[in-house]
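Novice: With these hints in hand, go ahead and build the complete structure from the sequences.
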Amino acid sequence: MCALALVISSALLAACSSAAHQGSLVPETAHKTTTHSRHYPASHTTTRPSTTAPTLPPPSSSLPPSPTSGPLTTSASVVVPTMPEQMAATEAPDGSVFMVPLTLAVTGAGPQIVWVVDGDGPAAVAEHLPGGANALAADTTNLYVANYLNVTAFNRATGNQSGKWSLPLTNPANTSNDNLEAMAASNGNVLVSLAQGNVVSVYRINPASTAAPQLVAQGSSAAFGPDGSVYYVRPDDHLVAQSASGQVTVGPLLADHPTTGGGGVQYVDTVAGGVVWVDEPASQGLDAAYATYDATTLVPLGNFNSTVQQQIVGTAAGTLTLNGSGPCPQPAGATVTSLCVARLTPTGTTSDPLAVGSAYQLLGPDPVVLTINPANSAMVVQRLQ
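Everything in the sequence shown is counted per this note's numbering, starting at 3 for the first residue and increasing by one.
Be aware that a few hints might be false.
What the hints assert, rightly or not - DEER-style ranges, computed between Cβ atoms:
(1) N200 / T70: 35 to 43 Å
(2) S353 / A291: 15 to 23 Å
(3) N375 / P254: 27 to 35 Å
(4) N378 / T70: 20 to 28 Å
(5) D296 / Q216: 23 to 31 Å
Bear in mind the hints are in silico, worked out from the structure with no lab data behind them.
Backbone N, C-alpha and C define an ideal beta-carbon position, used for all residues, glycine too.
Specialist: Quick look at the structure:
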């Protein structure tokens with residue numbers, strides 16, 4: 003399964019999930035990109051905590067299996083000694099969760115610490131980065147860190163750099179027209195999507211090669227499948243699926259009638275649970291209409307309305323959603339709005355909601371929510387079972 007890292011734009015800040023995706027995040031932009039609005043925590047003035055946790059190699063995590071039906075519960079909550087600011091996060095196939103403060107600038111970014119939480123153990127330092135980070139991804143061997151200029155691989159067992167590839171931004175000195183959107187590691191490759199103006203380009207990297215990233219798809223929006231496939235909206239507005247081997251399936255025509263308020267256009271949002279989730283933000287930037295398609299055939303499955311902030315993630319517990327529509331149980335005496343994680347069907351039906359407090363990103367494959375502890379503004383990795 004892939005470990006998707008959702009990249010949060012400066013408008014978002016406030017997640018994720020991605021992140022993704024994850025996890026997840028921020029107001030919808032008027033131009034066609036796959037960056038979607040998410041809830042990030044507000045800025046804090048609290049003194050940054052110590053970053054003296056030991057650097058440890060990733061253990062072989064053995065998380066208990068997640069139920070595929072019925073209510074979910076919180077199985078562990080691990081505090082991470084960093085402020086819950088704008089974060090990029092991802093989860094490896096073994097359940098290790100990596101996170102790093104998001105860098106919005108191309109240059110001038112100071113060193114950053116990548117934190118890792120293995121299982122329900124304490125947070126540890128995975129890497130000290132020489133510069134900034136905009137997206138993370140991980141497989142069983144490597145942690146991948148991307149910024150506007152390049153993707154760098156670090157061996158998870160040794161922490162040593164094991165590869166580096168330059169990204170083909172149109173103007174590395176000015177990213178006002180460029181946006182690093184997402185990165186995923188799956189099926190032995192790394193996929194990266196770059197929004198350049200109104201065009202999203204997807205590149206594939208072979209971690210075993212020094213060859214430059216290979217352009218594999220271009221369109222108005224794109225998302226990655228857990229098997230290394232790419233789903234995108236072609237320039238003629240058709241939904242297209244391209245498998246990891248290159249096989250192409252052309253699906254239905256999607257809406258492309260932009261309005262002055264930012265509506266009228268359908269975007270590929272994510273791929274989860276064998277379903278392609280497409281959304282069309284409403285003009286006011288709060289609600290969205292969702293359409294779902296079978297990930298293999300691209301046959302339509304359903305339609306429903308929800309929020310632009312909704313995050314949808316395929317996990318070992320099934321397809322889950324955060325920030326979806328509908329109320330979430332509010333604990334007695336709570337002083338903050340409580341969000342929830344719930345199961346989600348392709349027709350938009352939710353079930354088994356679990357209150358997760360001030361959450362801002364949902365990750366998979368093992369269900370994880372990144373939350374904020376309102377008592378001390380600490381960031382918490384909350385595992386669900």
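Novice: Looking back at the hints listed earlier, which ones does the structure fail to meet?
Specialist: 3 and 4
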